[in-house]
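Undergrad: Spelled out, the chains give:
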Amino acid sequence: MSKWLPKSAAARRWLGLTPAYVMIGIFMLVPISIMAVYSFLEPNPYGGVLPEPSVAAYVKLFLEYDLEDNLVFNPGYINIIFRSFQLSIMATVICLVMGFPVAYYITLQPENKRNIYIYLITIPFWTNLLIRTFAWIIILGRGGVIETPLLNLGIIDDSLKMMYTDGAIAIGLTYSYLPLMVLPIYASLEKLDFRLLEAASDLYSSRFQIMTKVVIPLCKPGIVAGCILVFIPCIGAFIAPNLLGGGKKLMLGSLVQFQFASARNWPFGSALSMLLLSAVVVALIFYARSARKKEYIQGTA
Amino acid sequence: MKRALSLLTAFAFSLGATLAKAEGELFIYNWTEYTPPDLVDKFEAETGIKVSVDTYDSNETLLAKLQAGATGYDLVVPSQNFVPIMINEGLIQKVAVYDLPNYANYEDKWKKPEWDSEHEYSAPWQWGTTSFSFHSEEYSGSGESLAEFFEPSEELRGRLSVFPTPDEVISLANIYLGIEFCSEDPKEMKRIQDMLVAQKDYVVAYNNETMSDLITSGEALMTNHWNGYSRLGRLAGAPVQYAYPKEGVVGWFDSLVVPTSAKNVENARKFMNFMMDPVNMAILTESQGYGDAIKGTAQYYSEELKTAPEVNPPSDLNVVFAPTCSPAAQSLIDKVWTKVLQ
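Those protein sequence lines, which keep their order, are chains X and C. Under the numbering used here, residues 27 to 327 are what the first sequence spells out, in order. Under the numbering used here, residues 488 to 829 are what the second sequence spells out, in order.
Errors might be hidden in some of the hints.
To be verified - If you only want the chain C side, here are some residues facing chain X, beta carbon under 8 angstroms, derived:
1) 651
2) 653
3) 673
4) 692
5) 704
6) 818
7) 824
Source of the hints: derived by calculation from the structure; they are not laboratory data. Here a beta-carbon is modelled for each residue, glycine too, at the ideal position from N, C-alpha and C.
Please construct the entire structure, taking both the sequences and the accompanying hints into account.
TA: Take a look at the structure:
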């Protein structure tokens, strides 16, 4: 062993982990710290920040001076946050409902076919998200791929008005992030021992019971990972809300973008991002806690 | 002697060829679909400089990018009311545009503008107007008043498209309501806010990139538009008609300026000079359909451009150029816009 390496095993482990710490430090802690610091500064009216400490950005989340200069409770931003969560949960649920059967189906295929299917699932990722989202304008829009045949067949006689709605945003989000749901579920289903299913069947489980009592609990880590992977980018999304929602109802992602560009209030944009970040972290901590508790219970039982 | 000369010429040519490779690069950051590729090709062929173009969608985006420390851009194209901000914030540098050979072609009418009175920073790109366009077959109105845009009739419910950034929309509202630009009076701004919030019931999308497509598909019957972009939509077959409302329209003047962080300042100046040559400027105007501020371009215009309604407004049209607003006025504008969008 080289004389340069530290003697104790613990110190060597630390050294081995250094690249990871450096990566996390540079790509995660530094940007987040900048964001945190900016959120406690005064905005420069023409973009950027002034080096004066202030909590105005956080106050602004709830209270705002209206045009007559009265400090009033402003539910606007809370509404936007609520709407973002609502749409993201909706997209996550749709992704789960559509993604699970797909992953299950792929698992049941012979091995050589499985790889082709997985390959097909990832193909949309080869194209820019913006372009893929744009394609939905042609599909959903007035005189688009869905409407035109229905109009020509006389099934409808006016536009369905599918574009620029919450539904269009949900479709766009679902489409964008569906592979992120399928892949982790497939990864955990692939490891599933199918003899357990036979065993359950031998013990008189119905098909439904096999699904709920055996398959789903065993691939729960995949399902949870998929939900997290879909939910988190959804909540910060701004391409789908802008292109498919028409930018009429701001979502958190668009609101943050608006603060940095048009409104030139970087501290407020940072404060919103911090709020978003803490919400996600708190949710993840709760999940990790409950998962650990269950493992413990199962381990002792 | 003759032989020596030809040898020298051959040498000079070969030197030129090697130099062409070493002429370097030029990074242009411009609005979407605002840099005609043939113009870029021509500049590359004439100078040997390799040009790269990146795009943005609004003055606000450009300003935010520069404020955030974006580097690597040699030329950007802000509108007149953003030039003083960029000067004050130290984001753009003096490049002595008045010293360029083709500066003599600058049209006198546009010389000494208030945003850069000595022409130290900016060279002309295009100037134009912001108003609205409507579906020439399906919309019943004639676009004679801004009332049709701000207080829409029932047929426009869910079929009106508005720009997603406050800059031009609020200026247009200022003109319609007769409120001075950059008002610091909250009561006046409240009137604008109320009007825009009421207008939102009719809005199908806040968009400034696919306006003509929205009209073509029928998704919108009326949309905020720029005159030249409306012409391009019409030439591509969209049934759009650009409106010249009696109250007036918002004017803007986009200029080439060089960011402080630019690496290829001399190449940027070469491009500025290139653009002040009427032949080249005419190519830009032909492709964009706005106005130019260079003498002698009209002789190169096509018949179509010479007669396009978007380029030839009625002579009594009231064009108002927005100044740079004070922080207090800007803050009111942001409040209004946040209220509208939330």
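Undergrad: Each hint needs a verdict: does it hold in this structure or not?
TA: Hint by hint, here is what the structure shows:
{"no.": "1", "hint": "651", "in the structure": "holds (5 angstroms)"}
{"no.": "2", "hint": "653", "in the structure": "holds (6 angstroms)"}
{"no.": "3", "hint": "673", "in the structure": "holds (4 angstroms)"}
{"no.": "4", "hint": "692", "in the structure": "holds (3 angstroms)"}
{"no.": "5", "hint": "704", "in the structure": "holds (5 angstroms)"}
{"no.": "6", "hint": "818", "in the structure": "holds (7 angstroms)"}
{"no.": "7", "hint": "824", "in the structure": "holds (7 angstroms)"}
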